[in-house]
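In order, the protein sequence lines correspond to chains E and D. So the numbering used here is basically just the index in the first sequence, starting at one, shifted up by 1. So the numbering used here is basically just the index in the second sequence, starting at one, shifted up by 74.
Warning: the hint list may mix true and false statements.
[Unchecked claim] If you only want the chain D side, here are some residues facing chain E, beta carbon under 10 Å, derived:
1. 129
2. 130
3. 134
4. 137
5. 138
6. 139
7. 143
8. 211
9. 212
10. 216
[Said to hold, decoys possible] The list that follows gives simulated cross-link-like pairs (lysine-lysine, DSS-like), each with its CA atoms no further than 30 Å apart:
11. E:146 - E:67
12. E:77 - E:63
13. E:67 - E:77
14. D:236 - E:322
15. E:146 - D:236
16. E:146 - E:63
[Claimed, not checked] Derived Cβ-Cβ restraints for the label pairs, each shown as a range:
17. D:177 - E:287: 54 to 60 Å
18. E:65 - D:83: 46 to 52 Å
19. D:83 - E:273: 46 to 52 Å
20. E:5 - D:187: 35 to 41 Å
21. E:49 - D:205: 52 to 58 Å
22. E:5 - D:220: 43 to 49 Å
23. E:39 - D:94: 52 to 58 Å
24. D:234 - E:117: 42 to 48 Å
25. E:109 - D:205: 30 to 36 Å
26. E:239 - D:187: 50 to 56 Å
27. E:200 - D:81: 42 to 48 Å
28. D:94 - E:299: 38 to 44 Å
29. D:190 - E:273: 45 to 51 Å
If you're looking for bench data, these hints aren't it; they were derived computationally from the structure. Even for Gly, the Cβ is constructed at its ideal location relative to N, Cα and C.
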Amino acid sequence: MNILQIIIFTIVKILIVVTIILLAVTYLVYFERKISAWAQNRIGPNRVGWHGALQSFADVLKLLLKEDIVPDAANKPIHTLAPIIALFVSFTTYAVIPFGPNINVFGFSVPLVVADVNIGILYVLALTSLGVYAITLAGWSSGSKYSLLGGIRSSAQMISYEISMGFSIGGVLLLSQSLRPVEIVQAQSGWMWNAILQPVGFITFLVSAFAETNRLPFDLPEAEPELVGGYHTEYSSMKFAGFFLAEYANMFIASALIVTLYLGGWQFPYLDHFGLSNGWFAVISVITFAIKVAALLFFFIWVRWSIPRFRYDQLMNLGWKVMFPLSLLNIIWVAVLIMVFKL
Amino acid sequence: MNIYDIVFYLFAAITVLSAFFVVTTRNIVYSAYYLLFTFFGVAGIYVLLGADFIAMVQLIVYVGGILILILFGVMLTNKITSVEIKTGSVQVVPAAVGVALLAGILMASMVDTKWRSVETAMPSATTQGIGMLLIQQYAIVFELLGILLLIALIGAASMARK
Numbered sequence: 002m003n004i005l006q007i008i009i010f011t012i013v014k015i016l017i018v019v020t021i022i023l024l025a026v027t028y029l030v031y032f033e034r035k036i037s038a039w040a041q042n043r044i045g046p047n048r049v050g051w052h053g054a055l056q057s058f059a060d061v062l063k064l065l066l067k068e069d070i071v072p073d074a075a076n077k078p079i080h081t082l083a084p085i086i087a088l089f090v091s092f093t094t095y096a097v098i099p100f101g102p103n104i105n106v107f108g109f110s111v112p113l114v115v116a117d118v119n120i121g122i123l124y125v126l127a128l129t130s131l132g133v134y135a136i137t138l139a140g141w142s143s144g145s146k147y148s149l150l151g152g153i154r155s156s157a158q159m160i161s162y163e164i165s166m167g168f169s170i171g172g173v174l175l176l177s178q179s180l181r182p183v184e185i186v187q188a189q190s191g192w193m194w195n196a197i198l199q200p201v202g203f204i205t206f207l208v209s210a211f212a213e214t215n216r217l218p219f220d221l222p223e224a225e226p227e228l229v230g231g232y233h234t235e236y237s238s239m240k241f242a243g244f245f246l247a248e249y250a251n252m253f254i255a256s257a258l259i260v261t262l263y264l265g266g267w268q269f270p271y272l273d274h275f276g277l278s279n280g281w282f283a284v285i286s287v288i289t290f291a292i293k294v295a296a297l298l299f300f301f302i303w304v305r306w307s308i309p310r311f312r313y314d315q316l317m318n319l320g321w322k323v324m325f326p327l328s329l330l331n332i333i334w335v336a337v338l339i340m341v342f343k344l
Numbered sequence: 075m076n077i078y079d080i081v082f083y084l085f086a087a088i089t090v091l092s093a094f095f096v097v098t099t100r101n102i103v104y105s106a107y108y109l110l111f112t113f114f115g116v117a118g119i120y121v122l123l124g125a126d127f128i129a130m131v132q133l134i135v136y137v138g139g140i141l142i143l144i145l146f147g148v149m150l151t152n153k154i155t156s157v158e159i160k161t162g163s164v165q166v167v168p169a170a171v172g173v174a175l176l177a178g179i180l181m182a183s184m185v186d187t188k189w190r191s192v193e194t195a196m197p198s199a200t201t202q203g204i205g206m207l208l209i210q211q212y213a214i215v216f217e218l219l220g221i222l223l224l225i226a227l228i229g230a231a232s233m234a235r236k
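Looking at chain E on its own, in the form it has when it is part of the complex (with noise of 0.2 Å):
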């Protein structure tokens, strides 16, 4: 492939990619209020389209239409720029996600990732440690104190929750000797999913996540009865959208993320040894995918209305106290898997 190729296929997969993500976000909130509706013994949506299909389109046009009021005491560019970086960060971390295995098109094997860089898991937790930047900047530009506690409470939370998300992340890079997604999904063939493996950290992982994600239990930003909206309180119309787009768009790359890291990521347990051809492989790995990303994202919304939310000083503790030590004993447990299977 030459570079004009590259730039064009690359070009396509984004396209792909946001379009899939935009979706899979529309559809989210509705699985949200449907689910939530159903724990609850209510009905939930159901005015807009076949069984309330249509409820969140309708939410976003409400949204577009809506009057944009920014405070007085607010800071109107820095104001402006928040939800932006919300948005920018929850979309380009997406780019080093594999979702699929090589495909052949117009006889080119493309990679079914949208850029597949060397120092990906890198690159995804760097992006994360920005998203603080957007609901901080948000938080203390928004000029009023429920805003600005908001804002703190979550960077302090996000801080502290990535330190031990980065740890359990080690663990899974101990067994890939490799720091590209892709290879940490090839490394995972068979039943030796990282999830199987090293179980503590996949939960430690996936509590970090939670957290990095700000949902229930850990929402604490944006906790309603001590905060009004937390950090989003002063934002309206299409800016409130925007946070509201970005925290979905975080649950869905928080379940890519872990399928990709510890469940395997597209693969399907011994397919290889089915003998189907190429397309089938890849249709079926895509889907694969796509079905442990639903799980898992049905696995948030779940734990969202079942569990109530942490006080402040749990949270930390939690963090903290039992998180952090048990990401690194993860370390320490898989050290010893290395040495003594030879993984």
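Go by the hints and put chain D onto chain E.
Showing chain D alone in chain E's frame:
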């Protein structure tokens, strides 16, 4: 001028301009924001040089860690006193002399050094090489740096307790 040069000058311009704004802006919070772009520009130049690992670590450590702490300090303290904290210029003459001297030394060493320019293939992966060097050749230095950071950590914690 090829694409490589254009991208280099773009990142260099971002770095230098934002660094200029960091020191000239009156509002100290804006200074911290401009610093964000400075770090970004430097990371971009690292990527351009093929040092992908350093570029990402630059983002994780400086943008994700240090700058957040600076922002916290600035954002939470500049409203405590009723007077807004501003940056200003004091001691202009000594500073100018110092800057001129430093710039002169740097320029002179840049011009005088006979830079070796050898055509080398762009390394495909730097992480493995860096890892090997850190745990083999520079293992002691690496461990000592770790101990240094640990001492700093304990010191900070014990000072915060007082």
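**OP:** Grab the minimum C-beta distance from residue 216 of chain D to chain E and call the hint holds if it beats 10 Å, violated otherwise.
**Re:** At about 16 Å, which exceeds the 10 Å cut-off, the nearest Cβ of chain E leaves the hint on residue 216 of chain D violated.
Original post:
Within a Cα-Cα threshold of 30 Å, do residue 146 of chain E and residue 63 of chain E meet the stated pairing?
Top reply: Since the Cα atoms of residue 146 of chain E and residue 63 of chain E sit roughly 28 Å apart, the hinted pair holds (cutoff 30 Å).
Original post:
Taken at face value, is the distance from the CA of residue 63 of chain E to the CA of residue 77 of chain E at most 30 Å?
Top reply: holds, 23 Å
**OP:** Starting from the hint 38 to 44 Å, judge whether the C-beta atoms of residue 94 of chain D and residue 299 of chain E obey it.
**Re:** violated, 51 Å
Original post:
Is the Cα-Cα distance between residue 236 of chain D and residue 322 of chain E 30 Å or less?
Top reply: holds, 22 Å
Original post:
Hint check: is the beta carbon of residue 134 of chain D less than 10 Å from a beta carbon of chain E?
Top reply: holds, 5 Å
Original post:
Should the hint that residue 200 of chain E and residue 81 of chain D are 42 to 48 Å apart at their CB atoms be regarded as holding?
Top reply: Given range 42 to 48 Å: holds, Cβ gap about 45 Å.
**OP:** Could you say whether the range 52 to 58 Å given as a hint is met by the Cβ separation of residue 39 of chain E and residue 94 of chain D?
**Re:** At 57 Å between Cβs, range holds.
Original post:
Should the hint that residue 5 of chain E and residue 187 of chain D are 35 to 41 Å apart at their CB atoms be regarded as holding?
Top reply: holds, 39 Å
**OP:** Go through the hint on residue 143 of chain D and say holds or violated, using the shortest Cβ distance to chain E against 10 Å.
**Re:** OK, holds: residue 143 of chain D within 10 Å of chain E, min 9 Å.
Original post:
Lying within 46 to 52 Å: is that true of the beta-carbon distance residue 83 of chain D to residue 273 of chain E?
Top reply: Roughly 48 Å apart at Cβ, these two residues keep to the hinted range, so it holds.
**OP:** Identify whether the interface hint at residue 129 of chain D stands, where standing means a beta carbon of chain E within less than 10 Å of its own.
**Re:** holds, 8 Å
Of the numbered hints stated above, those contradicted by the structure are hints 8, 9, 10, 18, 28, listed in ascending order.
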